[in-house]
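Protein chains in written order, with my numbering: chain A, 263 to 472; chain B, 263 to 472.
Derived by calculation from the structure, the hints in this document are not laboratory data.
The reader is advised that the hints may include incorrect statements.
Note that identical chains are pooled: a pair holds if it fits in a single copy or bridges any two copies.
[Said to hold, decoys possible] Here are the simulated SDA-like pairs of lysine to any residue, each with C-alpha atoms no more than 25 Å apart in a straight line: (1) Lys326 to Arg471; (2) Lys390 to Met417; (3) Lys426 to Gly293; (4) Lys390 to Ala311; (5) Lys326 to Ser386; (6) Lys426 to Gly449; (7) Lys426 to Arg399; (8) Lys390 to Ser278; (9) Lys390 to Glu406.
Protein chains: 2
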Amino acid sequence: MTSSHLEPAPPVPPPSRFDTRRYEIVDIAAGLFARHGYHATSLDDLCEATALKRGGLYHYIGSKEELLYLIHERFIEPLLAAAHEVESRGASPDATLRGLAHVLMGVIAEYNDQVTVFLHEWRSVVDKDSERAERVRQARRDFESVIERTLERGMADGSFTPRKPMLSVLAFLGMINYAYQWYRPDGDYSAAEVADVFCDIYLLGAGTRR
Amino acid sequence: MTSSHLEPAPPVPPPSRFDTRRYEIVDIAAGLFARHGYHATSLDDLCEATALKRGGLYHYIGSKEELLYLIHERFIEPLLAAAHEVESRGASPDATLRGLAHVLMGVIAEYNDQVTVFLHEWRSVVDKDSERAERVRQARRDFESVIERTLERGMADGSFTPRKPMLSVLAFLGMINYAYQWYRPDGDYSAAEVADVFCDIYLLGAGTRR
């Protein structure tokens, strides 16, 4: 009886006042970085947008580079939690993949600035040898692994066409992730609608000839 | 006998020495911008990497912002020319789409730095009201229109499943464009292999249930 799958998750404590304010600052910074770029955004810009003095800003975020990590955590934690929840339902590979598409598209819609900053700035800014950078890489691998396991399960049980798993993961990820470039919450399509149409294309194909 | 389709294309003159040197500078700048970001790259960095003094640099590129336009032209012109060539063959919608996937994936592989800079920096840097910015937007629309026409032709002749054309274009573009984030020429897959597997998934689907 030690399997963690059988135990209810411990209740998540509500965020402290410090964390709530920090999230606000992280989201404001993500908006500035997404629009103007990380390097073009000065500490003065951050102070003005958050109505904080430099001392107050550092109290919450430590440093400008630290902001990049906080921006990443902002969307990767809910993404991973939701992806693991979808996987743990034990549904068919098709249904699991569709659930993952909804989760990923939902995060891109809700955290568009944060995802943009991460994809644009991560490579050129962080110290790639740090323990923290390794945690970022690990989180990305964890998410990709959920998709890879689902695809391999479908190839094994005959519900998916056997193909190179890594390229199949990258096709799925690319189709949805690239929405960070064009998706707008006030646009023509809801995130759920995009996820459904993209999943139809991914699973059923756009062509009628087999 | 005035249809331009029937006439041979005029011969393309070889690039002048000025243009050849300018392309070299544009490509060096694209490498720096892709790795370090547009704003984090100084004019001194550009001078050092190109072995030019400021006067020489300005002679070739005019200004730092001008570089962004030149970087864009570097890949969009061969991309559009190749896409129109594929379309003009009049092949089936499946074969045309596959040809477009090869063209796009080939450009992303060959001009990875230039595509990266364009996708990351364009929104935050250029004067969006300028005539030149309008030409960039028009070039993107031209390429998307080739894909859209191909998809609509396939939906009309019954070879593609009817679906929302704009989302179908975005799924196709996203799947391939996102390769700018992960494709490496020395990696496990050639650009042609990626284009073929992605086209198989896009046209035939990853699932076996219909």
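Hints, one by one, checked against the model:
In this homomeric assembly, Lys326 and Arg471 never come within 25 Å of each other (Cα to Cα): the closest approach is 53 Å inside a single copy and 49 Å across copies. In this assembly of identical chains, the alpha carbons of Lys390 and Met417 never lie at most 25 Å apart, being 35 Å within a copy and 47 Å across copies at closest. Taking identical chains as interchangeable, the C-alpha atoms of Lys426 and Gly293 are never at most 25 Å apart, the minima being 37 Å within one chain and 31 Å between chains. Taking the shortest alpha-carbon separations for Lys390 and Ala311, only the inter-copy value of 24 Å comes in at or below 25 Å, while the best intra-copy value is 29 Å.
Taking the closest pair of Cα atoms, Lys326 and Ser386 come within 25 Å of each other both inside a single copy (14 Å) and across two copies (19 Å). In this homomeric assembly, Lys426 and Gly449 come within 25 Å of each other (Cα to Cα) only across copies, at 14 Å, whereas the closest approach inside a single copy is 34 Å. In this homomeric assembly, Lys426 and Arg399 come within 25 Å of each other (Cα to Cα) only inside a single copy, at 22 Å, whereas the closest approach across copies is 35 Å. For the homomeric pair Lys390 and Ser278, neither the shortest alpha-carbon distance inside one copy (30 Å) nor that between copies (42 Å) is at most 25 Å.
In this homomeric assembly, Lys390 and Glu406 come within 25 Å of each other (Cα to Cα) only inside a single copy, at 20 Å, whereas the closest approach across copies is 36 Å.
Hints 1, 2, 3 and 8 from the earlier list are contradicted by this structure; the remaining hints agree with it.
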